[in-house]
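Engineer: Residues per chain are reported as follows:
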Amino acid sequence: MILNEEQQLLKDSAKLLLSENAPMSALRAMRDAGDDHMPELWSKMSEAGWPGIVIPDAYSGLEFGYVGAGVVLEEMGRTLALSPFLSSAVVAASLINQLGSEQQKEKYLPGIATGELTAVLAADETGFFDLSTIETTASASGDDYVLSGNKRGVIDGHNADLLLVVTGGDAGMSVFAVESGAEGVTSKTRLIVDSQRAADITLDNVTVSGDALLGSLGGASEAMEFTIDVAAACSAAEMLGISIETFERTVGYLKEREQFGSKIGTFQGLQHRAAQLFAEIEVSKSAVLAALQALDANSEKRSVLASMAKAKCSKVVRNATEEGVQMHGGIGMTDEFDIGFFMKRAAVCRQAYGDYHFHADRFATLRGY
Amino acid sequence: MYGTELNKLRQELYMAIGSTDALNFDTDSKGALVRNWLRSKANSIEGGTTEVQLNIIAKRILGLPA
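Heads up: the protein sequence lines correspond to chains A and B, in order.
Take 1 as the starting number for the first sequence in the working numbering and just add one per residue.
Take 1001 as the starting number for the second sequence in the working numbering and just add one per residue.
Simulated from the structure, these hints should not be mistaken for lab results.
Honestly, I wouldn't trust all of these hints.
As the list claims (entries may be wrong) - With a cut-off of at most 25 Å between alpha-carbon atoms, the simulated DMTMM-like pairs for lysine to aspartate or glutamate come out as follows:
#, chain 1, residue 1, chain 2, residue 2
1, A, Lys44, B, Glu1046
2, A, Lys263, B, Asp1021
3, A, Lys315, B, Glu1051
4, A, Lys255, A, Glu222
5, A, Lys344, B, Asp1026
6, A, Lys344, A, Asp36
7, B, Lys1008, A, Glu248
8, A, Lys301, A, Glu322
9, A, Lys15, A, Glu282
10, A, Lys188, A, Asp130
11, A, Lys344, B, Glu1046
12, A, Lys315, A, Asp355
13, B, Lys1059, A, Glu106
14, B, Lys1008, A, Asp335
15, A, Lys285, A, Asp36
16, A, Lys315, B, Asp1021
17, A, Lys11, A, Asp130
18, A, Lys15, A, Asp361
19, A, Lys188, B, Asp1021
20, A, Lys15, A, Asp36
21, B, Lys1008, A, Glu280
22, B, Lys1059, B, Asp1021
23, A, Lys344, A, Glu116
24, A, Lys344, A, Glu248
25, A, Lys188, B, Asp1026
26, A, Lys301, A, Asp361
27, A, Lys255, B, Glu1051
28, A, Lys255, B, Glu1046
To be verified - Derived Cβ-Cβ restraints for the label pairs, each shown as a range:
#, chain 1, residue 1, chain 2, residue 2, range
29, B, Ile1017, A, Ser19, 45 to 53 Å
30, A, Ala274, B, Ala1066, 16 to 24 Å
31, A, Ala58, B, Ile1017, 42 to 50 Å
Quick caveat: nothing in here was measured; it's all calculated off a predicted structure.
Each residue gets a CB set at the ideal place from its N, CA and C atoms; glycine is no exception.
Could you build all of it, start to finish, from the sequences and the hints given here?
Structural biologist: Laid out in structure tokens, this is it:
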């Protein structure tokens, strides 16, 4: 399971673009200024065409596929680059592409592909990703629909132009494309631990026209399952990047740092933990690539592989980032040193789009337990 | 050592139960959950890391050879 030449080239160019435009210092600067996004980075990513990576050519996308999205996300994980790439260009775009009519795809996808339009999936209502507990309702009113409900903890939801609101109730699962500025939509933004923002969104009798309904009323389940697969596999790729970068920095430190008269890398206890983590990361690389390839091939195994990748990488990133801080000792726990930033981002990635438990359960259910 | 490691597990559990709400980093007490989580990581380092404590137990208490 290896990347083909094009995918490798994309990975290399991603590494370059991100090291030039999104080094750790950029994240610190954003945080210290109290800003909530990185517009210059998004601009550079848009110039490179990345927001169109999974969007079909017919709608101005690169149609590069999910392995492409994954390698970019892995590199983003390595530099902790902050952008709406995962939430908008990958997850939201995939949902629109899967569920939308021809007109809807033509309406939204080109804007997303150029980076001008950002969209975000607004599904969670309890703080946990769980489609079975959705209470937001959509009632028909002539040709229009009236939406009411609350969405909680939408990461990247504070700046998105378009909210893909998942509704439930008697009408069944549906998705509506709601403009974030629409009347009746209020949003409360909160600062989260990795300096991103999450939005709690209230829809108070928001009227949307009939063509805001993606697909048919009550017909969103299958497309939502696909979107979960995309979000899981791609979020796993980002967590993989975080794990790898943290691990490499930590091994480097073990080789340099001296305490008690020796390089701490000579201590067998630490060597064993590092070697264990090495094995876990290798396995995670395979899990992520398998999940991404299954998406590109539209294989029937894609859901199992996606949840497996997300569950596995959630565990590994937790381990890698905790060990990263611990093994760096006294400097690891400071703000001045970068390693803690990886742990904070990992906490957010682990929660988004279904945590370990959600995906372990989904994996088990899909396998017939 | 035992207490700080247990506390790290406890804080991880709180974070898991806490959902995306637990990620809040507000400066008032609402952000306390994530701050406790972060602080717990430092507890296993300051005052002698977990690793040093394990060495002490191994050598001084169990008498394992150096």
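Engineer: Take the hints in turn and mark each one as holding or not.
Structural biologist: Now for the hints, and whether the structure bears them out:
| no. | hint | in the structure |
| --- | --- | --- |
| 1 | A:Lys44 x B:Glu1046 | violated (42 Å) |
| 2 | A:Lys263 x B:Asp1021 | violated (41 Å) |
| 3 | A:Lys315 x B:Glu1051 | holds (22 Å) |
| 4 | A:Lys255 x A:Glu222 | violated (50 Å) |
| 5 | A:Lys344 x B:Asp1026 | holds (14 Å) |
| 6 | A:Lys344 x A:Asp36 | holds (16 Å) |
| 7 | B:Lys1008 x A:Glu248 | holds (23 Å) |
| 8 | A:Lys301 x A:Glu322 | violated (32 Å) |
| 9 | A:Lys15 x A:Glu282 | holds (20 Å) |
| 10 | A:Lys188 x A:Asp130 | holds (21 Å) |
| 11 | A:Lys344 x B:Glu1046 | holds (19 Å) |
| 12 | A:Lys315 x A:Asp355 | holds (10 Å) |
| 13 | B:Lys1059 x A:Glu106 | violated (70 Å) |
| 14 | B:Lys1008 x A:Asp335 | holds (19 Å) |
| 15 | A:Lys285 x A:Asp36 | violated (30 Å) |
| 16 | A:Lys315 x B:Asp1021 | holds (20 Å) |
| 17 | A:Lys11 x A:Asp130 | violated (33 Å) |
| 18 | A:Lys15 x A:Asp361 | violated (34 Å) |
| 19 | A:Lys188 x B:Asp1021 | holds (13 Å) |
| 20 | A:Lys15 x A:Asp36 | holds (23 Å) |
| 21 | B:Lys1008 x A:Glu280 | holds (21 Å) |
| 22 | B:Lys1059 x B:Asp1021 | violated (44 Å) |
| 23 | A:Lys344 x A:Glu116 | violated (28 Å) |
| 24 | A:Lys344 x A:Glu248 | holds (17 Å) |
| 25 | A:Lys188 x B:Asp1026 | holds (13 Å) |
| 26 | A:Lys301 x A:Asp361 | holds (16 Å) |
| 27 | A:Lys255 x B:Glu1051 | holds (17 Å) |
| 28 | A:Lys255 x B:Glu1046 | holds (22 Å) |
| 29 | B:Ile1017 x A:Ser19: 45 to 53 Å | violated (37 Å) |
| 30 | A:Ala274 x B:Ala1066: 16 to 24 Å | holds (22 Å) |
| 31 | A:Ala58 x B:Ile1017: 42 to 50 Å | holds (45 Å) |
The structure fails hints 1, 2, 4, 8, 13, 15, 17, 18, 22, 23 and 29 (numbered hints given earlier, in ascending order).
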